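Construct all of the structure, not just a fragment, from the sequences and the given hints.
If you're matching them up, the sequences are chains A and B in order. In terms of the numbering used here, the first sequence opens at residue 1 and continues consecutively. In terms of the numbering used here, the second sequence opens at residue 1 and continues consecutively.
Calculated directly from the structure, the hints in this document are not laboratory data. Treat the numbers as computed from the prediction; the structure is a model and nothing was measured. Treat the hints with care, since some could be wrong.
Where chain A lies over chain B, by a calculated footprint (3+ residues, C-beta under 8 angstroms) [unchecked claim]:
no. : stretch
1   : 11 to 19
2   : 45 to 56
3   : 143 to 149
4   : 161 to 172
5   : 193 to 202
From the three backbone atoms N, C-alpha and C, an ideal C-beta is built for every residue, glycine too.
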Amino acid sequence: MLTKRIIPCLDIKDGRTVKGTNFVDLRDAGDPVELGRLYAEQGADELVFLDITATVEKRRTLRELVNRISHQINIPFTVGGGISSVDDVSLLLQNGADKISVNTAAFKRPELLVELEKNFGSQCVVLAIDTRCEDDGEWYVYLNGGRTPTGKKCLEWALEGVDRGAGEILLTSMNHDGTKNGFALDITAQLALQLPVPVIASGGGGNASHFAAVFQQAGADAALAASIFHFKELTIPALKQELNAQGIHVRI
Amino acid sequence: MKLAIVKYNAGNIQSVLYALERIGYEAVVTDDSAVLQSADKVIFPGVGEARSAMDYLCARGLDAVIQSLTQPVLGICLGMQLMCSWSEENDTECLGIFGEKVKRFRPEKPVLPVSTDPLAVLTSGPFTDSLAPVAEIPGTALKVPQIGWNTIHSLKTSLFDGVTNNSYCYFVHGYYAAQGQHTIAVTDYVLPYSSALHKGNFYGVQFHPEKSAGVGEQILRNFIEKI
Numbered sequence: 001m002l003t004k005r006i007i008p009c010l011d012i013k014d015g016r017t018v019k020g021t022n023f024v025d026l027r028d029a030g031d032p033v034e035l036g037r038l039y040a041e042q043g044a045d046e047l048v049f050l051d052i053t054a055t056v057e058k059r060r061t062l063r064e065l066v067n068r069i070s071h072q073i074n075i076p077f078t079v080g081g082g083i084s085s086v087d088d089v090s091l092l093l094q095n096g097a098d099k100i101s102v103n104t105a106a107f108k109r110p111e112l113l114v115e116l117e118k119n120f121g122s123q124c125v126v127l128a129i130d131t132r133c134e135d136d137g138e139w140y141v142y143l144n145g146g147r148t149p150t151g152k153k154c155l156e157w158a159l160e161g162v163d164r165g166a167g168e169i170l171l172t173s174m175n176h177d178g179t180k181n182g183f184a185l186d187i188t189a190q191l192a193l194q195l196p197v198p199v200i201a202s203g204g205g206g207n208a209s210h211f212a213a214v215f216q217q218a219g220a221d222a223a224l225a226a227s228i229f230h231f232k233e234l235t236i237p238a239l240k241q242e243l244n245a246q247g248i249h250v251r252i
Numbered sequence: 001m002k003l004a005i006v007k008y009n010a011g012n013i014q015s016v017l018y019a020l021e022r023i024g025y026e027a028v029v030t031d032d033s034a035v036l037q038s039a040d041k042v043i044f045p046g047v048g049e050a051r052s053a054m055d056y057l058c059a060r061g062l063d064a065v066i067q068s069l070t071q072p073v074l075g076i077c078l079g080m081q082l083m084c085s086w087s088e089e090n091d092t093e094c095l096g097i098f099g100e101k102v103k104r105f106r107p108e109k110p111v112l113p114v115s116t117d118p119l120a121v122l123t124s125g126p127f128t129d130s131l132a133p134v135a136e137i138p139g140t141a142l143k144v145p146q147i148g149w150n151t152i153h154s155l156k157t158s159l160f161d162g163v164t165n166n167s168y169c170y171f172v173h174g175y176y177a178a179q180g181q182h183t184i185a186v187t188d189y190v191l192p193y194s195s196a197l198h199k200g201n202f203y204g205v206q207f208h209p210e211k212s213a214g215v216g217e218q219i220l221r222n223f224i225e226k227i
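Rendered as C-alpha cells:
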C-alpha cells in the first residue's frame, strides 16, 4: 500500500540552512546538504528545500546547491522559493531536482503552471499555497510569504492550479504555522477530498498525534514540518513508529 | 565496466547519473548509437510523456538501437513503459520488447463514508469521473498519479538479490504495466501491477531506484554487478 509521507523542510538563505537547528552531531548544521542527508538516513520520505535568498546571486547559489543535494541524497527532493519561469525550472531539474514548488509567481501568472506541466510534466510541479482562515470562517490565499492577501479562496485556487497543471499541493496554514498545536484539519480535508492530486499538509505539526490526525481525519497524503525536526522535539524514526502503532502506513 | 545512459527528451536522467556515482560507478549519457551498442550495460531512464518520448526516439533511430541491444538493459519508469508493446498515454505504440500493455490507473468510484464526524460533510463534495478516488480509510482517496513509497513483492531474478520482499520503493506514475509473463515484481495500487519486468537481456522497473534510498541502490548495484 502507498504510504503516508513525512517531509522535513529546510529553509535556505545564501546556500545555508536558516532558522537554526539543534544538531550538534553534524559537522556543519548550517549545511542543508548535510542536514538533508541526515534526515534521509533517518527515514524521511522526501525533502523540501525552500530558498529565501533575495539577492541577484540567487540563481547561481540555488543551482549549485541543488547540484550538491542531488549528488549526495538518495531520496526525492523538491526545491522552491522565487521560481517564476520555465528557464528557472529547467536549470533546477537539469541539476537534479525531482520537483519544484511555485507559489506567488503561479498565482500572479497562472499560465506558468500550464507551461511547466507542458515542459516537464505535472509530476514535478508542486503548487505551494499559503492560506489563512479569516473572521468569516473562509480560507483565503496569501502571497509573498504570507504578507500579501489576495481575497481569493484557497479551495478555488487549488482547483484552478490543479486544472492548469499542478501535480501536488503544498498547503500551509498561516493560522497554524509555528503553533505546534496541530495541522489545519478542515481546509486540508477539503483539498484532500476535492483534488485528484496529493496534498501535503504543512503548519502546526507538534507531535505524533497531530500527524496521525492530519492523515486519518483530514486525508492528507503527506505532512511537512521544519523546526520540530531541526530541534529534535520529534525525530522522524519516533514519529514513524508512533504512526505505525496507530495503524497508519508509513515506510519504516 | 562501461555504463551508458540513453539521452533523450525525458527528465530525471541526471538523477540516475548521480545515483550511479554514489554507488561508485561512472556512466556516459549519450544518444550515440555506437556508444550505446558498445557499452557493457545500458540504462534507459525517464520521466515524461510516452508519445513525445517515442516520437523523439523514432526520429533519431534510437527505437531500433534500443530494440537491437544485446547487453543487459534497464528501463526505469517511463523507460520501462516504453519497452512495453503499447501505452494508453496518447495511444502510443511502444518498443514492444515486453508484450505487456501500459494502461492508466482508474480507481473505482468513491464509496463516500457515512459518518457523524464533522469532517464528513466535506466528503460530499463533487467528484468528477476523472478523479474517481476510492476510500481506503475514512478521509482518504487514491490519487492519480501515484506519488510516493509503495512496496514491491513477488520478486524474481537476481535484480532483487538481497532485497527483502515488501521493501519500499519510490514511485511517480499515472500509468502502469499490467501483470504478464514477464512480471518479476508486483506492486498494489488500485490493482496488482508489474513494478518490474524481465525478458532476456531486458529489465524494467516502474519505480525509481535512483530515489529509493538503500533499496534502490541495492537494485542498481545488482543490475551492474549481477546481471
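Broken hints, by number: Those not satisfied come down to hint 5.
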